[in-house]
Structure formats: structure tokens, C-alpha cells
Amino acid sequence: AQKVTQAQTEISVVEKEDVTLDCVYETRDTTYYLFWYKQPPSGELVFLIRRNSFDEQNEISGRYSWNFQKSTSSFNFTITASQVVDSAVYFCALSEAPTDKLIFGTGTRLQVFP
Amino acid sequence: ETGVTQSPTHLIKTRGQQVTLRCSSQSGHNTVSWYQQALGQGPQFIFQYYREEENGRGNFPPRFSGLQFPNYSSELNVNALELDDSALYLCASSGAQDTQYFGPGTRLTVL
Numbered sequence: 001a002q003k004v005t006q007a008q009t010e011i012s013v014v015e016k017e018d019v020t021l022d023c024v025y026e027t028r029d030t031t032y033y034l035f036w037y038k039q040p041p042s043g044e045l046v047f048l049i050r051r052n053s054f055d056e057q058n059e060i061s062g063r064y065s066w067n068f069q070k071s072t073s074s075f076n077f078t079i080t081a082s083q084v085v086d087s088a089v090y091f092c093a094l095s096e097a098p099t100d101k102l103i104f105g106t107g108t109r110l111q112v113f114p
Numbered sequence: 001e002t003g004v005t006q007s008p009t010h011l012i013k014t015r016g017q018q019v020t021l022r023c024s025s026q027s028g029h030n031t032v033s034w035y036q037q038a039l040g041q042g043p044q045f046i047f048q049y050y051r052e053e054e055n056g057r058g059n060f061p062p063r064f065s066g067l068q069f070p071n072y073s074s075e076l077n078v079n080a081l082e083l084d085d086s087a088l089y090l091c092a093s094s095g096a097q098d099t100q101y102f103g104p105g106t107r108l109t110v111l
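These protein sequences, in sequence, are chains A and B. Take my numbering: the last position of the first sequence gets the number 114, and nothing is skipped along the way. Take my numbering: the last position of the second sequence gets the number 111, and nothing is skipped along the way.
Note that these hints are calculated values from the structure, not bench results. By construction, the Cβ of each residue, glycine as well, lies at the ideal position given by its N, Cα and C atoms. Fair warning: there could be bad hints in the mix.
Simulated restraints on C-beta separations [unchecked claim]: (1) Gly16/B / Arg63/A: 46 to 54 Å; (2) Asp98/B / Thr106/A: 22 to 30 Å; (3) Lys70/A / Pro8/B: 39 to 47 Å; (4) Pro62/B / Pro40/A: 28 to 36 Å; (5) Pro40/A / Gln17/B: 27 to 35 Å; (6) Asp55/A / Gly16/B: 46 to 54 Å; (7) Ser27/B / Leu48/A: 19 to 27 Å; (8) Asp98/B / Ser74/A: 20 to 28 Å; (9) Ala81/A / Thr14/B: 47 to 55 Å; (10) Val14/A / His10/B: 31 to 39 Å; (11) Ser12/A / Glu52/B: 45 to 53 Å; (12) Thr14/B / Thr72/A: 42 to 50 Å; (13) Arg15/B / Thr72/A: 40 to 48 Å; (14) Gly16/B / Ala81/A: 46 to 54 Å.
Just chain A, same shape as in the assembly (with noise of 0.2 Å):
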């Protein structure tokens, strides 16, 4: 069975630390795609980033980086530099074929204190 694994419920940090957020999943597919998206206090999932099985390759994007290990089974999501701004609850999703339905970690509550 696919699923998603999320083990820090709560991560609270100071401005300015960096962060890591550790996502473990699990899937007997050769192909499909991993996310993450944010959720602010207004509910909205916010789209961060989409990475296929077949793409291995670290990704940064100002201050978020993602790193992607297919042997440990791993998408870890850092944030450099964190703001308070950054404070939302994070999820990590697997999409299974063929509907592409998005399954879903149980999120981290990420808190940046000033």
C-alpha cells in the first residue's frame, strides 16, 4: 500500500535557523511523483514543488531546497534562513496511478518565532 510519513508533528525555530522537514514514503510503483505543498492558517493548500521518480536531482528555489533520495525513500524539504512568514503546516504527498490522487503525510506544523 502506498503512504506517506511525516514523523515530526511540531518543529518551532527562531528567524533566521535553518529547517528540515523529513517526508518518508512508501510505494511499490516505478513511476510516480512526489510533492509538497504549504498550508497557511487560511486553509489554502499552496503548491511548492512536483519531482518525478526518475529525477533524482537536488532542487533549490531561493531559500527552499529539496532532497530527494530514492534508496531511503525520501523527500526532505529544507528552508534556509527561515522566516516567520514560513510559520504554516507543510504536507508531503505521493500521487498514485492512474487518477493521480494525492496521498497525503499527516503534515508538520512548522513555527518561525522573531
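With the hints as your guide, set chain B onto chain A.
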């Protein structure tokens, strides 16, 4: 480009009632997926519509039903509401096998 919109924003119903939630997909998207997010949990897939046909369903009872219209907007209907149906209902639209973009959600409270 207009994003995904949902209505209403909030809704309060009583047990046994029926509810209809609405979603307008992003321009150019022909697929709509619905998710239920209980408090403190990740979203759970309810079903997906592609070109007006149901294209997959999660582990939800038949009293959860949906429709997709020719303009790709969609409705989620829930009959015989139960207390456990209280949740944030999220709609997402996408192109075929593409990234899903979410609307702001409808918060349903069942009393």
C-alpha cells in the same frame, strides 16, 4: 489566469441534512479532485472527475457523490450528514496527469 474557487466558505448544517459544495476549476483544467481534511489530519481523497465522468474514488460511502459540468466546474454532495463529516473540503483542479492546484476550501460544521 483565475485560480480555483470554492463556495461557500463556511457552512453549518445539522445531522441528517444534505449539503452541496461547489468548485470552479482553474482556466484550462479539465480534472477536478475533492478531498476531505479533518482537523489535524492530512487531506483524504474523496473522488476525481475527468471530462464529466468519475475517474476514481477513495474510501468514502455512497452518500458522498459528485458531478462535473461541461465547463469543468464541479459539485460535491453529501447526504444524511453525520457529525464526523465536519471537516475542511478541498477542491483541486489539474490538467491531465498534472499538478493539482487547490482552492481555499469550504469548512463544514455538522451539529
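Tested hints:
{"no.": "1", "hint": "Gly16/B / Arg63/A: 46 to 54 Å", "verdict": "49 Å, holds"}
{"no.": "2", "hint": "Asp98/B / Thr106/A: 22 to 30 Å", "verdict": "25 Å, holds"}
{"no.": "3", "hint": "Lys70/A / Pro8/B: 39 to 47 Å", "verdict": "43 Å, holds"}
{"no.": "4", "hint": "Pro62/B / Pro40/A: 28 to 36 Å", "verdict": "34 Å, holds"}
{"no.": "5", "hint": "Pro40/A / Gln17/B: 27 to 35 Å", "verdict": "30 Å, holds"}
{"no.": "6", "hint": "Asp55/A / Gly16/B: 46 to 54 Å", "verdict": "49 Å, holds"}
{"no.": "7", "hint": "Ser27/B / Leu48/A: 19 to 27 Å", "verdict": "22 Å, holds"}
{"no.": "8", "hint": "Asp98/B / Ser74/A: 20 to 28 Å", "verdict": "24 Å, holds"}
{"no.": "9", "hint": "Ala81/A / Thr14/B: 47 to 55 Å", "verdict": "49 Å, holds"}
{"no.": "10", "hint": "Val14/A / His10/B: 31 to 39 Å", "verdict": "34 Å, holds"}
{"no.": "11", "hint": "Ser12/A / Glu52/B: 45 to 53 Å", "verdict": "46 Å, holds"}
{"no.": "12", "hint": "Thr14/B / Thr72/A: 42 to 50 Å", "verdict": "48 Å, holds"}
{"no.": "13", "hint": "Arg15/B / Thr72/A: 40 to 48 Å", "verdict": "46 Å, holds"}
{"no.": "14", "hint": "Gly16/B / Ala81/A: 46 to 54 Å", "verdict": "52 Å, holds"}
The structure agrees with every numbered hint stated previously.
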